[in-house]
Each structure stands twice: as C-alpha cells, then as structure tokens.
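Residue strings, one per chain:
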Amino acid sequence: MGNDAHTPDAAASVDFEQVQSTGQFQELRKRHRSFVFPMAVAFLLWYFAYVLLADYAVGFMSTKVWGNINIGLILGLLQFVSTFAITGWYVHYSNKRLDPIASEIRHEIEGHEFDKNGNRVGGANK
Amino acid sequence: MITIPAAVDVAALKDTTLLNMGIFGLFVAVTMVIVLRASRNNKTAADYYAAGRSFTGSQNGTAIAGDYLSAASFLGITGAIAINGYDGFMYSIGFLVAWLVALLLVAELLRNTGKFTMADVLSFRLKQRPVRIAAAVSTLAVCFFYLLAQMAGAGSLISLLLGISDWGGQALVIIVVGALMIMYVLIGGMKGTTWVQIIKAMLLIAGAAVMTLWVLAIYGFNLSALLGGAVETANNPAVLNPGLQYGKSDTSKLDFMSLGLALVLGTAALPHVLMRFYTVPTAKEARKSVVWSIWLIGIFYLFTLVLGYGAAALVGADTIKSAPGGVNSAAPLLAFHLGGPLLLGFISAVAFATILAVVAGLTITAAASFAHDIYANVIAKGKADAATEVRVARRTVVVIGILAILGGIFANGQNVAFLVALAFAVAASANLPTIIYSLFWRKFTTQGAIWSMYGGLASAILLIVFSPVVSGAKTSMIPGANFALFPLSNPGIVSIPLAFFLGWLGTTLDKRREDPAKQAEMEVRSLTGIGAEKAVDH
Chain C
258 MGNDAHTPDA
268 AASVDFEQVQ
278 STGQFQELRK
288 RHRSFVFPMA
298 VAFLLWYFAY
308 VLLADYAVGF
318 MSTKVWGNIN
328 IGLILGLLQF
338 VSTFAITGWY
348 VHYSNKRLDP
358 IASEIRHEIE
368 GHEFDKNGNR
378 VGGANK
Chain H
11 MITIPAAVDV
21 AALKDTTLLN
31 MGIFGLFVAV
41 TMVIVLRASR
51 NNKTAADYYA
61 AGRSFTGSQN
71 GTAIAGDYLS
81 AASFLGITGA
91 IAINGYDGFM
101 YSIGFLVAWL
111 VALLLVAELL
121 RNTGKFTMAD
131 VLSFRLKQRP
141 VRIAAAVSTL
151 AVCFFYLLAQ
161 MAGAGSLISL
171 LLGISDWGGQ
181 ALVIIVVGAL
191 MIMYVLIGGM
201 KGTTWVQIIK
211 AMLLIAGAAV
221 MTLWVLAIYG
231 FNLSALLGGA
241 VETANNPAVL
251 NPGLQYGKSD
261 TSKLDFMSLG
271 LALVLGTAAL
281 PHVLMRFYTV
291 PTAKEARKSV
301 VWSIWLIGIF
311 YLFTLVLGYG
321 AAALVGADTI
331 KSAPGGVNSA
341 APLLAFHLGG
351 PLLLGFISAV
361 AFATILAVVA
371 GLTITAAASF
381 AHDIYANVIA
391 KGKADAATEV
401 RVARRTVVVI
411 GILAILGGIF
421 ANGQNVAFLV
431 ALAFAVAASA
441 NLPTIIYSLF
451 WRKFTTQGAI
461 WSMYGGLASA
471 ILLIVFSPVV
481 SGAKTSMIPG
491 ANFALFPLSN
501 PGIVSIPLAF
511 FLGWLGTTLD
521 KRREDPAKQA
531 EMEVRSLTGI
541 GAEKAVDH
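Chains as they are written, first to last, in our numbering: chain C, 258 to 383; chain H, 11 to 548.
Calculated directly from the structure, the hints in this document are not laboratory data. A virtual CB, placed ideally from N, CA and C, is assigned to each residue, including glycine. Some clues are possibly wrong.
Said to hold, decoys possible - For each label pair, taking beta carbons as the anchor points, the in silico distance ranges come out as:
| id | chain 1 | residue 1 | chain 2 | residue 2 | range |
| --- | --- | --- | --- | --- | --- |
| 1 | C | Leu335 | H | Arg452 | 48 to 56 Å |
| 2 | H | Gly178 | C | Val322 | 52 to 60 Å |
| 3 | C | Trp323 | H | Leu352 | 33 to 41 Å |
| 4 | H | Val409 | C | Ile331 | 35 to 43 Å |
This is chain C alone, in the form it adopts within the complex (with noise of 0.2 Å):
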C-alpha cells in the first residue's frame, strides 16, 4: 500500500504531520512559497505581455533605436536577460535562505530515526 518509492529509507517511520506543524518547517514552507509564486507570476506576466505586444503592437515593436536594432529585438534580448537573472536570483535565495533550514530540519528528524522494531538507528546512514 501507500507509495512504495521511499519504503527503505531513512525516514520510514517519522511522523511527518508533527513535522508539518512545527514552527522550523512552517518558516521554510513560507520562505519557499513567498519566493517562487510572486516571482513565476511576475516572469508569466512579462513574458505574455511581450507576446501580447509582438503580436498586437507591431508598429511599437517595429520602432528602431539604433541601426536596424528595434524595440522588438531589444525586449527579446530583455527576456534572456531576466531569465539569466530570475536564475541567478533565485540560486542566491535558496543557497541563503532556504537551504540552511532545510537541511537543519533534514538533520534533526534523521538524528532521531527509529526503526521498525523501535530501536534507534544511526540516522542519516540507516
């Protein structure tokens, strides 16, 4: 029964609701959340209003700025350059603020691993 792509390891017998609950996972939970849905919102919106200009602004997109380089070409270039940045950004974010906490709460539940029998085992090494 239940999902068998965890069965042997470390964390079979955790109460993972006790987890979920404590004010340690509750912290990460919302540091993660209030990271990545404002940001994919933003990078959607961007994205789709650019469409939305390529295929109803042509004038506007057509303008050029310099050369035969036009508005159209640059905020092209411009979505390489916030996707390179949202990348970097978030990379930056998770080393600093999600990471440390995750792997604090990873510890702590494997330091106190019991097994099937209720003997404690060596946590992360099973």
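Assemble chain H onto chain C, guided by the hints.
Only chain H this time, still in chain C's reference frame:
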C-alpha cells in the same frame, strides 16, 4: 557594403554525402565505446532508469540541454528565423522562459518526492492505481508525439544531407537510426543515454558557436549590419519585425498566443525532461542542473538568432525554401556556405546525433513509465522484483523502438516544429496542472487528478484532430478532407485552462478526502529532501 557571395550550389551538396556519413559514423563509434564502458555496472533498476543517481548537476544540466536542443530546436528555429525573421526568434524565447517554471516550481520538489517517473510524484498521496495509470498514459502519449517529430525530422534531414530523396531510401535510413537508438538504450540504459546527450550537447553548442562567430566576423561583429544584410537579401524590411508568420489574421495571432502558452507551460511537464532530475543525488544538484541547462539553452538560442539571420543574409530564403529539406535546411546550408563540405559534414553529423540522442532519451522514458508504472505497480501490483522490472523495460524499449521506426516512416515529411509544439501542448494540458496541484494544493484529490489528466489529454488531442493541422488546409496531414471545426493549430489556449479547471472541479466535487498524513509527508519530503538526499547504494 558587404558583397554577397554566390548562392550555395545545392547540387554540390551531394558530393559531401560520404564525408557526412564518415563523420556521423565516427560519432556513433565513439559514443558506442563510451556507452559500453558506462554500462558495465548497470545492475539495479536505479542504475537502469536513473543512472544510479550518480551524475553531477553540471553533467545532468548539459544532458538536459542535449535532450532539449532537439533537431526541431536547432534546425527548426534557425530555419524559422531565416524564413520568417522575428517570429522565429519568438519561438526560442518561449522555449527558454519555460525553464523558469521548471526551476522555481517543479525540479527540486519533484526530485525530493519521486524515484524514477513522473507518476511516482503524482500518485504519492493519491490513490495509486488510477493516478499511476493516468500519468503513464499521458507520459506515453507525449513521448509518442515527440518521437514522431524526431523521426519525421530524421527523414527530411536525410533528404538534404545524404542526398537520398526516394521514399524507400529514407525509410532505410530511419530504420538504421532507430536500430542504433535501440542499441544505445538497451546497452547503456540511462547512464549511456546521458553520456550520449552530454557529448552531443557539447558538439552542438561548439558547432553553433563557431558558426555564430564566423557569421558575426563577416559583418564586423556588428549585429545591426547583420540584420541589414538579412533585409537586403530578403528585400523585405519586415523580417526584422514581428508578424511575418503569425500576424496574417486574428486567428493566426490567437494561434501564436496559444503556442506561447503551450511552450511556456509544457517544458516543465515533459516526462523525458522530468526523468532527468532523478539522475542526480540531491535536490541541490537538481537545481544546479536546471541552472546549467538555462544558461546553455539561453546561449544556444542567442546563437540561433545570429545563425537564422545569417542564413537569411548569406544563403537567402529562396535558396533555403527550394533546397531539399526546405526550412530545416537553413543551418546546414549556412554551414556549407561558411566552411564548405567539412563544416557541413560536422553540422550534419551533429544534427543526426541530435535526433539519435533525443530519441534515445524519449525511449527510455517511455519504457521506464511502462515497466515501472504499468507493469510493476499495476499489473504485478508492486510484487515484481527489480530484475523483472528492468527486463520488462528492456523489452519495452524494443517495442517502442519499432513503433518509432514505423511512425517515423509514415510521418516522414510532416512539419517537425508543429509536431513538437503538439507534444508541448499535450504535456502542458495533461501533466502540468496535476503536478502543480499535487505539489502545492493541500486539498487536491484523486478525482481532481484523474479529471485533469484525462480531460487535458483528451481535449488537447481532440482539438488537434479537429484543427487545420489535420484537415482543411493545403498544409494539413489530410489536405483532401475538411473537418477542421477548431480554427487554431495549437490547442493550448483552450486545453490548458480546461485541465486546470477540471482539476479544481474534480477536487471540489470529490466526497472522498485524501489522507492528511500522506499530504504532510509529501510536503515535508518535497521541501526538505528527507530520505532522498543520498545516492542509491550499490
């Protein structure tokens, strides 16, 4: 002003056939040796499906780029820019921005909650059997569309590169490509397939970089001058503006929106891309993979911008369109123009390798889904041992390989880019809503998942069947008939919101509640990586 050299002599291309075959043969020989070496310790299911979770983030990121930069991306986008100018460029932007969905919402959480396949994650806290079957069905459907696209691409590529224009000759080459692919996957499993992807991605990006620098050098490293050259050759300043392809009518504009939606939401739901996240040991490496692939893919698409306009300027849209292989021939023709037979041979071999590698990646995904989800968990009810499961996977590889060969022979000549866009639309409709809901929505239920997956899959496929892609237009699969009730050629704008809606509706109307303990387990595992942070033991 820059003088434009004499047009490429298409007839001269045939003389390079032997060289093309030689370089391709070398690629096959080298990768086969590597696959054989890599496969020595393929023992467990985790070895076969997930390469023992032994790849680093940068290796896997390069392999993902190799998976993603298919022939449709390389040949298709370069050709689209060469012919349709700016509109071709917009394709590549959608393909790139889509990776942010994977990076922010899917990759790490998925790595932490699954084992081998997408169905592992989707069925984590829902009812195993129905959700697993639905996820496997949509995985197989997406892989099938994508496989068809690649095999059809092989056919049109052959006509250009090997000078084989008769149907039987092309069919023979498709059979050879398919047989080679079956060998790679049977022998190498995920590890071998990943190495083929890595080598191919590096060759492809290096080849494109050389050509890009070359084109830029011709125009004094002045992008504006290059664009001017494209305008001059095309004798049409509109190649620099949006709308050449999609601005024709209100329907075509809406079609572009639909395509954009499918591209941006489809990537993070492509099963063969998702499966790659399991080849790394930790979520952090999964994140690193996506970061690597975003950089590689982004830089590659910047290259295609230069290559596309370079082909428009130096080769010319008319020459490209009249060459065998049509739009897809822009990049090889540009290579021939720049570096003669040797560069053409190299680029052609890389294009072949691309098809081979992507087809191998798709095949192992489809086989893993069948063996792990359908056979081991549904037919054998979780009682099959790993050895039997891998044996079933290997047999499935042969079956899928043969189906891909047959499909490729019959789909030969179909438009490659559109088949790929369909795969994205089906993935975005059938898979993405359920992935997002099950990762982020506590109340999501089995009924919601089933409605969303089957509803998204069925609506996407039905809308395609009743679209101008299949009938009612000169470019349709069945040009003689007309049952095109749906005006758009991409179903995404209808089927994706519908699938999200069905997931919500099915959940709201479901009287059954899912186990809150399972929900808690999935949430904690997905964010912390408990139990998923170590390489699988040998």
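Using the beta carbons of valine 409(H) and isoleucine 331(C), state whether their distance is inside 35 to 43 Å or not. 50 Å, violated
Hint check for leucine 352(H) and tryptophan 323(C) - Cβ pair distance inside 33 to 41 Å: This hint holds: roughly 37 Å between Cβ atoms.
Hint check for valine 322(C) and glycine 178(H) - Cβ pair distance inside 52 to 60 Å: 53 Å, holds
Is 48 to 56 Å right for how far apart the beta carbons of leucine 335(C) and arginine 452(H) are? For leucine 335(C) and arginine 452(H) the Cβ distance comes to about 37 Å; the hint is violated.
Taken one by one, the earlier hints fail for this structure at numbers 1, 4, listed in ascending order.
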